[in-house]
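Quick mapping for you: the protein sequence lines, in order, are chains A, B and C. Each residue of the first sequence is one higher than the last, beginning at 1 in this note's numbering. Each residue of the second sequence is one higher than the last, beginning at 1 in this note's numbering. Each residue of the third sequence is one higher than the last, beginning at 1 in this note's numbering.
Hints in this document: simulated from the structure, not taken from any laboratory. Please note: incorrect hints may appear among the correct ones.
Unchecked claim - Below, computed lysine-lysine pairings styled on BS3-like, alpha-carbon distance capped at 27 Å: (1) C:Lys-205 to C:Lys-194; (2) C:Lys-82 to B:Lys-535; (3) B:Lys-491 to B:Lys-471; (4) B:Lys-535 to B:Lys-491; (5) B:Lys-201 to B:Lys-537; (6) A:Lys-90 to C:Lys-91; (7) C:Lys-82 to B:Lys-195; (8) C:Lys-82 to B:Lys-491; (9) C:Lys-82 to A:Lys-90; (10) A:Lys-284 to C:Lys-157; (11) B:Lys-201 to A:Lys-284; (12) C:Lys-82 to B:Lys-499; (13) C:Lys-82 to B:Lys-537; (14) C:Lys-157 to C:Lys-131.
All figures in this text were calculated on a predicted structure; none of them were measured in a lab.
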Amino acid sequence: MISLDTFLFILASGVLLGGLYALMATGLAIVWTTLGVFNFAHGTFVALGAYIAWQVTQSVNGGMGFLLAAALSVIMMYGIGYLLHFVLIKPFERNANLVLLAVITTLAAASIIENHILIGWGPRDKQIVPPVSGAISAFGASINIYDIVVLAVALFSLLAMALFLRRTSIGRAMRAAAQNREVAELMGLNVSRLYAMTIGLSAATAALAGVFAGSLRFINPTFGTDPLMKALIIVILGGVARFTSPIYAAFIVGIAESVSVYFLGLYWAPAVLFAMMITVLLIKPEGLFGHRSRTL
Amino acid sequence: MKYAPPFHRTNGFMPVLLALLALVVIPLFFSGTYARHTLILVFIYAILASNWDISLGLGGVFNFAHIAFFALGLYSYGIMAKIMGIDPWIALLLAPVLAIVFAAMLAIPVLRLEGIYVILMTFAAAQLMLQIVVSQSEYTGGTSGMVLLPRLTIGEYRLSNDGRIGYYYLALLLLAASTAFLYQLERSALGRAIKALRDNKYYAIARGVPEGRIRLLTLCASAIFPGLAGGFYGAYLRVASPDVFGLGFLTITLSILLLGGISTLWGSLIAAFVITILTQVLGDYGSWRNIIIAVLIIAVVVVYPGGLHAALQELWAAENRVRTNLMAAFRRHFGASARAAAMKAPDRLVRTTHGNVSVCDTGQGDKVIVCIHGNSSCKEVFRHQFAAFRRDYRIIAFDLPGHGASPNGNPERDYNVEAYAEIVRDLVDALELGRPIVFGWSLGGYIGLEYAAAGNPISALAICGTSPINKFPDDMARGYIATPHMELAGKRFHSPHEKSQYATHTVGMKKGQEPLLWQAVWRTDGQAREQAFSKLKTINWPRQTRLMRDGTLPFAMINGPNDPFINHEYCRSFHYGNIWGGAAQNVGNAGHAPFLEDHKTFNSMFREFLQTLP
Amino acid sequence: MTETPLLELRGLGGGYPPISVFRNIDLSVGMHESVGFFGPNGHGKTTLLKTVAGLIDPWEGDIIFAGNRLNAEGRMRARTSKNLNYDLFRKRRIRAETVVNAGLIYVMQGNLLFPEMTVEEVLDIAPLAAKGRTGITAMRQRVDDLFPRLQERRGSKIRYLSGGERQMVSIAVGLLALPQMLILDEPTLGLSPKLRIELAQAIRKIRDSRVPLIIVDQNIEFLTGLVDRLFLFDHGSITREIDSGSMPKHAEIMTMMFGEAN
Numbered sequence: 001m002i003s004l005d006t007f008l009f010i011l012a013s014g015v016l017l018g019g020l021y022a023l024m025a026t027g028l029a030i031v032w033t034t035l036g037v038f039n040f041a042h043g044t045f046v047a048l049g050a051y052i053a054w055q056v057t058q059s060v061n062g063g064m065g066f067l068l069a070a071a072l073s074v075i076m077m078y079g080i081g082y083l084l085h086f087v088l089i090k091p092f093e094r095n096a097n098l099v100l101l102a103v104i105t106t107l108a109a110a111s112i113i114e115n116h117i118l119i120g121w122g123p124r125d126k127q128i129v130p131p132v133s134g135a136i137s138a139f140g141a142s143i144n145i146y147d148i149v150v151l152a153v154a155l156f157s158l159l160a161m162a163l164f165l166r167r168t169s170i171g172r173a174m175r176a177a178a179q180n181r182e183v184a185e186l187m188g189l190n191v192s193r194l195y196a197m198t199i200g201l202s203a204a205t206a207a208l209a210g211v212f213a214g215s216l217r218f219i220n221p222t223f224g225t226d227p228l229m230k231a232l233i234i235v236i237l238g239g240v241a242r243f244t245s246p247i248y249a250a251f252i253v254g255i256a257e258s259v260s261v262y263f264l265g266l267y268w269a270p271a272v273l274f275a276m277m278i279t280v281l282l283i284k285p286e287g288l289f290g291h292r293s294r295t296l
Numbered sequence: 001m002k003y004a005p006p007f008h009r010t011n012g013f014m015p016v017l018l019a020l021l022a023l024v025v026i027p028l029f030f031s032g033t034y035a036r037h038t039l040i041l042v043f044i045y046a047i048l049a050s051n052w053d054i055s056l057g058l059g060g061v062f063n064f065a066h067i068a069f070f071a072l073g074l075y076s077y078g079i080m081a082k083i084m085g086i087d088p089w090i091a092l093l094l095a096p097v098l099a100i101v102f103a104a105m106l107a108i109p110v111l112r113l114e115g116i117y118v119i120l121m122t123f124a125a126a127q128l129m130l131q132i133v134v135s136q137s138e139y140t141g142g143t144s145g146m147v148l149l150p151r152l153t154i155g156e157y158r159l160s161n162d163g164r165i166g167y168y169y170l171a172l173l174l175l176a177a178s179t180a181f182l183y184q185l186e187r188s189a190l191g192r193a194i195k196a197l198r199d200n201k202y203y204a205i206a207r208g209v210p211e212g213r214i215r216l217l218t219l220c221a222s223a224i225f226p227g228l229a230g231g232f233y234g235a236y237l238r239v240a241s242p243d244v245f246g247l248g249f250l251t252i253t254l255s256i257l258l259l260g261g262i263s264t265l266w267g268s269l270i271a272a273f274v275i276t277i278l279t280q281v282l283g284d285y286g287s288w289r290n291i292i293i294a295v296l297i298i299a300v301v302v303v304y305p306g307g308l309h310a311a312l313q314e315l316w317a318a319e320n321r322v323r324t325n326l327m328a329a330f331r332r333h334f335g336a337s338a339r340a341a342a343m344k345a346p347d348r349l350v351r352t353t354h355g356n357v358s359v360c361d362t363g364q365g366d367k368v369i370v371c372i373h374g375n376s377s378c379k380e381v382f383r384h385q386f387a388a389f390r391r392d393y394r395i396i397a398f399d400l401p402g403h404g405a406s407p408n409g410n411p412e413r414d415y416n417v418e419a420y421a422e423i424v425r426d427l428v429d430a431l432e433l434g435r436p437i438v439f440g441w442s443l444g445g446y447i448g449l450e451y452a453a454a455g456n457p458i459s460a461l462a463i464c465g466t467s468p469i470n471k472f473p474d475d476m477a478r479g480y481i482a483t484p485h486m487e488l489a490g491k492r493f494h495s496p497h498e499k500s501q502y503a504t505h506t507v508g509m510k511k512g513q514e515p516l517l518w519q520a521v522w523r524t525d526g527q528a529r530e531q532a533f534s535k536l537k538t539i540n541w542p543r544q545t546r547l548m549r550d551g552t553l554p555f556a557m558i559n560g561p562n563d564p565f566i567n568h569e570y571c572r573s574f575h576y577g578n579i580w581g582g583a584a585q586n587v588g589n590a591g592h593a594p595f596l597e598d599h600k601t602f603n604s605m606f607r608e609f610l611q612t613l614p
Numbered sequence: 001m002t003e004t005p006l007l008e009l010r011g012l013g014g015g016y017p018p019i020s021v022f023r024n025i026d027l028s029v030g031m032h033e034s035v036g037f038f039g040p041n042g043h044g045k046t047t048l049l050k051t052v053a054g055l056i057d058p059w060e061g062d063i064i065f066a067g068n069r070l071n072a073e074g075r076m077r078a079r080t081s082k083n084l085n086y087d088l089f090r091k092r093r094i095r096a097e098t099v100v101n102a103g104l105i106y107v108m109q110g111n112l113l114f115p116e117m118t119v120e121e122v123l124d125i126a127p128l129a130a131k132g133r134t135g136i137t138a139m140r141q142r143v144d145d146l147f148p149r150l151q152e153r154r155g156s157k158i159r160y161l162s163g164g165e166r167q168m169v170s171i172a173v174g175l176l177a178l179p180q181m182l183i184l185d186e187p188t189l190g191l192s193p194k195l196r197i198e199l200a201q202a203i204r205k206i207r208d209s210r211v212p213l214i215i216v217d218q219n220i221e222f223l224t225g226l227v228d229r230l231f232l233f234d235h236g237s238i239t240r241e242i243d244s245g246s247m248p249k250h251a252e253i254m255t256m257m258f259g260e261a262n
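Bound-form chain A, shown alone (with noise of 0.2 Å):
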C-alpha cells in the first residue's frame, strides 16, 4: 500500500500534466475537427511558443517579464499559426488526397520550424523562469503554488475559448464552417479566414502550454515531440465529439502517466500511454467520450 501522502503526490502531479496536456490537445483537436487535418507541426508550435517566451524574459525580468513574454508568444503564434494555413493547407484544399498531402505539409513544417529553432537557439537545454515560487502544503503533501496557478489559467483560457466559440458570432462561424463547408460559403462567411483563424486560435493554445510547460521542465529544440505524443494519445483516447471530450482524456492521460512513471519508472510510462490508446482504438475507435462525427 501506498502512503495517503505519495498518493496525494502522484494525484497531484497528474492533475498539473492534465491541464498542460488539455490546452496541447484542445488545439490539436479543433484544427482536426475544423479542417480535418491532422497537424503534425502541433509539437513544435509548443516549443516555438516556449521560446520566443524565453526570448522575451532575457530582456525583461520578474513576473511582468512572464507576463509579456506569455502575452507576446500567444499573440505571435497566433499570427504564425494564421499564416501557415495559407501556406500549408489552402493550395489543395480541394484536392482528394488532402489528408495525406497535408500530413507530409505539416511533417515538414514541424521540421523548418525545428531546425530553425536550432539555428536560433542552439542544442542547449533552456528554461523559462517561473514567476511565483514558494509550496502550500495541504494533507501532508506540498503543493508549488505555481502548479496551482497554471492548472488555473489553462482551464481558465480553455473556458474562455470555449465561451467564444458559444457565444460570440465570430466563433459561431468558425464551428459553422468546422461542420459544413460548402453551406457556410453560401451564407456568405470567409471560409478560408475562418479556417485560418482555427489554426492560428490552435497555435496560441499550443504557445501557451509552450510557456509553462518551457517554465516546468527544460526546454531544447527537440521540446516538441512530447508534447505532440501526448496530444496525440489524448484526441484518440478522448475523440473529439465535444469540445470538452479531449480535456477529460488529458486528465485521465495525465494521471496515467504519474501513476505509471511511479510504479513502472520513466521508460515504461509512454509504452503504457500508447498501449492504453491503441487498446481504446481497438476497442471504441471514435473515443471514450464520443460519436463519429467532426464538431467544434
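Position chains B and C against the provided structure of chain A, taking the given hints into account.
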C-alpha cells in the same frame, strides 16, 4: 479483362534495362567509397519508399509504421547476429521475420479503422515499438543503441573491402529483387484485389474479395523488403540506433514517395536518387539542409502534387505530341505523291472550327459520299472505295485531327466524337457537299451517327465495325467482345510491339502490305486515342439510338464476320427502325475492316445499298 | 419580355475540370417571375446552380445579376498540365461571397447544414451575410410565421431534426440573407408526403411575396403549379422552354425528354 503485356514488350523495358546496366557499371568508374556509400543509401531509401507504396498507394492504407519495419529488421539483425551469435547471412535473411509479424499485428486494428485514424494508430504503434526497444536496454542498448554489429563476409572476404564494392552489389541486388517483386505484385491477382479494396471497398467485398486477408497480406508484403533492407543496413553500418524510428527518417522516406508520385513504382525509385543525393550534397549545411529539404517538399506538394513521375509522363506526352505533329508535317510535304498515288486524287488542308484537316476529294458528281476513318487510322484506308465509286459519286475522305496528314489538335477541344462530327459539318459547308451519304468505320461510325443525330444534312448513313450503344458504358460491354486489344484503343502510348499488334488487329494485314496504314498508327497523337476514348461517356447516346430506331434515315450496317471486336449477336438483336437488308449485314470473309480486306465483295454490297437510295 | 432581367446567364459553360458538365446556357429570369428546372438526375442541373452560386468556377460565359457581372471576365484558361495545382495559379473566377452579397441566395440540395448546432444558433448566424441591412428583424418574424414548426424545435441540434425540418431551416437561412432571388435545389427530395405538402405551401407563400425563385425539382406537378416558365434540362443544356400558359402534363414532358417509350 485486363491488358497485361509481359514486361519486355512494354515501353518501360529499355529505360529500366539501361538504368540497371548503368548502376552495375558505375562503381567500376567511381571507386571512391563516398560515391558508393551515397548510392547504397539511395538503394535503401528506394526500397523503403517503393515498398511503402504497396500500402499507401496500391492499398490506400495510410500506414505510418512503415519505417518501423525497417527499424525492426535492423534490430533483429543486431540481436540475432550479435547477442545470439547467429551467422550474419542467416541473420540477414531472418531479419524481416519480426517486421512481418509486426505488420500482421498491425492489420488487426487497421481493419477496424479508416482514414486519419489509420495514420494515427500506425504512428502510435511505431512509437510503441520505439518505447519497447528503448526500454529493453540490456539487449538493444537503450537510447544509445547497438554498435559493432557483425559484418558480412564471403569466406574471408569482407564485403566492405575494395571500397565497399560487395555491399554495393548486394544493395543493388536487393533493390532489383524488390523492384521485380513490386512489379509482379501489382500485376498479380493479389495486387488487383488490393487495388479493388482501395477503390471501392464495399463493392470489392461484395464481389468476394476477402478484406481481412487482403489487408493482412498488403501489410505483410510491404514489410518484407524493408525488413531485409533494415538487416542489410545493420550489417553495412554496423550500428543500430533508435533514431531510425524518428520523424527525420520518416519525413525523408515520405518525401521520396511523394516527390516520386504515389501509386507509381518508378517514380519513387527516381525520387530516391534525387532526394538522397541532395541530402548528401547539402550535408555540410547541417540544420539548413533539413530546412531546404522541407521547403522543397512543401513546394512540390503545393505546386505540383503529381510528383516526378507525373512530370516525366507529361514531358513524354509533350514529346509525343511534337513528334507526331512533325511526322504529319513531314508527310504532308514528302508523302503527298505516295498518298495521291494510292487515292488517285491529291489531298489538301481545309480549315474547320477544330483546326485544319487534310481532305482528299475526287471533286466530281452530284451524289457525295463522305468516308470517316477509325481510331489510329487515316483516310487512305478507303482507297479501294475511291477507285470503285469515283466514276458515279463524288467521294471524300479526310484525316481526323491528330491522325494521318492532318496536324494535331487541341486535346481538350478537338479530340472527341462531337468535335469530329462538327468537323464533318464544317467540311460539308466548306466544300458545298449538300446532303451527303456518310460512311463511317469503327470510331468513324460513331462520328457519322453523331453527325446525323445532331440534325445535320445527310441523305444516308452506313457504318462498319461499330456497335450501336444506347446506355454507356453498359452497352459497351454488350456490343463488343472484350479482348486485351480493346485496351490498346484508348491507350496513350503504345510500345512498338503494341503498335504492330494494334495495326494487325484493326486492319488485319502485315507490315509490308499497307505502309500508309502502318505509318498512320505510328503517327497518331496518343492523346487523340486517350481523349476520344475517355470522352465517350459525354456523348448523347440515346439521341443516336433514337435516330436508328426512328428509321427515317436510310441506314446500313456492314460488318466483317471475323471482326475480332464487335459482338455480331448484339448488333443483330438491336432494334432498328429501317435498316438496309433488314439486319446488320456480314460481308465476305473479312475482319474489322472488310472494305479493305475484302474490298471487292464489300464494294459490290455497298453499291447495292447505294442503289436503293433515290 | 421587355423588363430588364434580374438574372441573366450568357453562354455559361462549366464543370469539374477536365470534365465539362454543361455548356452554352443562355437564360434570363425577370424581376418578378419564378422559373423551374426539370431533367434527369446527373445531367448537370446542380452543377449549373452551384456555379451560379459561386461554389464552382465557370469556364466561360457570364453570370449577370441585377445588372452586375458576378464572375471575372473572359474564359477560364484551360488546363495544360494534369498535375499542376491550378488552385494555386488560377484565381477564383467567382466567389460565393460576391454572389451572396449581391442578393442571389442558393439553398443547397441535401440540407446537411451544421449538424452540431441548434436551430436557434443557425438562425442567429444566418443574417451575417446581410449585416447592416434593414429588414432582418421583419424577415425573422416572417420566417417564424412561415415555419412555425421551427419555433417548437429551436433548441434542438440540427442532427436530430427530420429531413423536412432541416429543409425548412435551410430555406429559412436563405431567407434571412434577405434574398433578391432564391434558388432552391430539390427542396422536396426524399420527404414524406405530409411534410412535402407543408413545405410546398411555404414555398408558394415565398413566391407570392414576390421573391423570385429558381427551383429544381423532380416532382413535375409541384413545379408546373408553381413557376411561370419551365426549362427542360438534358445532357448539360436547356433543351426546351415552356411557358406557364401551356404547362404540359407529366407524361407529355416525359415524352419530350425521352421520346416514346418502347
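List, from low to high, the hint numbers that the structure doesn't satisfy.
none
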